[in-house]
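Using the sequences provided together with the hints, build the complete structure.
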Amino acid sequence: MLHQLLTAPRELTQTERDRIFNHFQSLPLHVRAYTNHFDIDLEGKPTLFVKYGCDVLAEASTQSFFYALAQKDESAPGIPKVYDAFCEKGWCFFVMEKIELPTLSTCEISEDDAVQSVAPLVKWLFLAQAPSVPPSIFGRISSEEACVWHSFFKDHWAPLPFANADALTKYVNKAFSYAPGKSKRSISFSDDLAIYHSDIRKDNFLHDTKTKKTWIVDFQHIGVFPEPFQVYAFFNTGNRFAAAVGDCLGLQRSDVTDRMTWASGLLRQIGGDGSLNLDKFGERIYK
1 MLHQLLTAPR ELTQTERDRI FNHFQSLPLH VRAYTNHFDI DLEGKPTLFV KYGCDVLAEA
61 STQSFFYALA QKDESAPGIP KVYDAFCEKG WCFFVMEKIE LPTLSTCEIS EDDAVQSVAP
121 LVKWLFLAQA PSVPPSIFGR ISSEEACVWH SFFKDHWAPL PFANADALTK YVNKAFSYAP
181 GKSKRSISFS DDLAIYHSDI RKDNFLHDTK TKKTWIVDFQ HIGVFPEPFQ VYAFFNTGNR
241 FAAAVGDCLG LQRSDVTDRM TWASGLLRQI GGDGSLNLDK FGERIYK
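With UniProt numbering applied, the sequence shown corresponds to residues 1 to 287, in that order.
Please keep in mind that the hints were generated in silico from the structure rather than gathered at the bench. It is possible that part of the hints are untrue.
[To be verified] With a cut-off of at most 27 Å between alpha-carbon atoms, the simulated DSS-like pairs for lysine-lysine come out as follows:
| # | residue 1 | residue 2 |
| --- | --- | --- |
| 1 | Lys210 | Lys98 |
| 2 | Lys170 | Lys287 |
| 3 | Lys170 | Lys98 |
| 4 | Lys81 | Lys212 |
| 5 | Lys72 | Lys213 |
| 6 | Lys98 | Lys123 |
| 7 | Lys154 | Lys170 |
| 8 | Lys45 | Lys81 |
| 9 | Lys202 | Lys213 |
| 10 | Lys210 | Lys123 |
| 11 | Lys81 | Lys202 |
| 12 | Lys123 | Lys45 |
[Stated by the list, open to error] Here are the in silico distance ranges between beta carbons for each label pair:
| # | residue 1 | residue 2 | range |
| --- | --- | --- | --- |
| 13 | Ser190 | Asp279 | 35 to 41 Å |
| 14 | Asp39 | Ser110 | 27 to 33 Å |
| 15 | Gln25 | Arg185 | 18 to 24 Å |
| 16 | Gly181 | Glu100 | 51 to 57 Å |
Since we're looking at a predicted model, the values are computed, not measured. From the three backbone atoms N, C-alpha and C, an ideal C-beta is built for every residue, glycine too.
Encoded structure:
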């Protein structure tokens with residue numbers, strides 16, 4: 001039951017999946033390089049929006065999880081229906097309903113109205129749905145073991161599928177050890193977990209100016225981590241829109257998130273794969 005809850009549906013036929021893959025192969029290489037999605041029409045279905053890449057299966061599971069919750073709640077934001085997620089010849093594809101609406105950045109509403117549109121959606125995501133997340137979840141909300149996307153990490157992608165808060169604590173403190181001089185900075189993350197969204201930009205929300213309904217359309221940067229990672233995404237990334245949403249929700253940056261900013265800067269300066277020679281439990285790998 002838990003695996004089914006955290007797995008994207010498989011509603012397409014093999015013939016329909018083949019059509020999607022064949023369309024992808026027909027795209028010029030320069031188009032594939034500069035985008036990660038396309039639209040496609042399949043007989044008997046509405047226009048579909050397809051994302052592709054190496055990391056879309058976990059995102060499909062996350063979006064499907066919240067879509068199911070939204071169907072039971074009239075106060076929920078709009079969330080596109082997930083139809084399928086599959087892999088073919090080294091490529092993975094995430095197939096969803098296409099919503100024909102402008103983003104908040106293009107629908108010509110004021111900045112304050114945009115903030116007021118997103119804040120209740122984020123509140124619904126963070127607070128109302130927290131009890132529905134299985135307690136075993138840490139990181140991606142998916143049956144797939146996958147690294148999280150979060151603005152704290154170098155290139156926004158964690159180098160490891162961290163197992164728990166203790167592993168994250170060890171990782172961040174290892175980053176502090178790379179600071180010049182004798183830095184005494186350290187951090188400790190508790191097991192108090194929270195849902196986070198670390199890419200709160202107007203381009204990631206669609207808005208219907210007639211009905212005033214707003215849709216969440218990007219679930220890549222959503223997961224479950226220690227609570228400071230939720231706050232960090234609002235106030236410690238230089239994203240003014242996210243900070244305004246955080247202010248609207250009554251959140252505040254903290255000493256912990258400010259120390260995380262220091263660690264994040266160090267991670268961006270360190271070469272290699274970013275793992276700091278640690279495994280997903282935060283233990284040193286001996287080679």
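Do the hints match the structure? See the list:
Only pairs whose Cα atoms come within 27 Å are accepted, and Lys210 paired with Lys98 is accepted, the gap being roughly 18 Å. Only pairs whose Cα atoms come within 27 Å are accepted, and Lys170 paired with Lys287 is accepted, the gap being roughly 19 Å. Distance hint between Lys170 and Lys98 is unfulfilled; the C-alpha atoms sit about 41 Å from each other, more than 27 Å. Taking the CA atoms of Lys81 and Lys212, the gap is near 20 Å; set against the 27 Å cutoff, the hint holds.
Distance restraint check for Lys72 and Lys213: the Cα-Cα separation of roughly 17 Å lies within the 27 Å cut-off, and the hinted pair is therefore satisfied. A C-alpha spacing of about 24 Å is found between Lys98 and Lys123, which places the hinted pair at or below 27 Å, so the restraint holds. For the hint linking Lys154 to Lys170, the alpha-carbon distance of about 17 Å falls within 27 Å, and the restraint holds. Between the alpha carbons of Lys45 and Lys81 the distance comes to roughly 12 Å, so the proposed pair stays at or under 27 Å and holds.
Taking the CA atoms of Lys202 and Lys213, the gap is about 14 Å. The hint holds against a cut of 27 Å. Restraint check: the Cα-Cα separation between Lys210 and Lys123 comes to about 22 Å, which is no more than 27 Å; the hinted pair holds. A distance of roughly 20 Å separates the Cα atoms of Lys81 and Lys202; the hinted pair therefore holds under the 27 Å criterion. For a cut-off of 27 Å, the pair hint linking Lys123 to Lys45 is broken: about 32 Å separates their Cα positions.
Between Ser190 and Asp279 the C-beta distance comes to about 21 Å, which lies outside the given range of 35 to 41 Å. For Asp39 and Ser110, the hinted distance range of 27 to 33 Å is satisfied, since their beta carbons lie about 30 Å from each other. Judged by the Cβ atoms, the range 18 to 24 Å given for Gln25 and Arg185 is violated: they are separated by roughly 50 Å. In this structure the hint that Gly181 and Glu100 lie 51 to 57 Å apart at CB holds, the actual value being about 55 Å.
Checked against the numbered hints given earlier, this structure breaks hints 3, 12, 13, 15; the rest are met.
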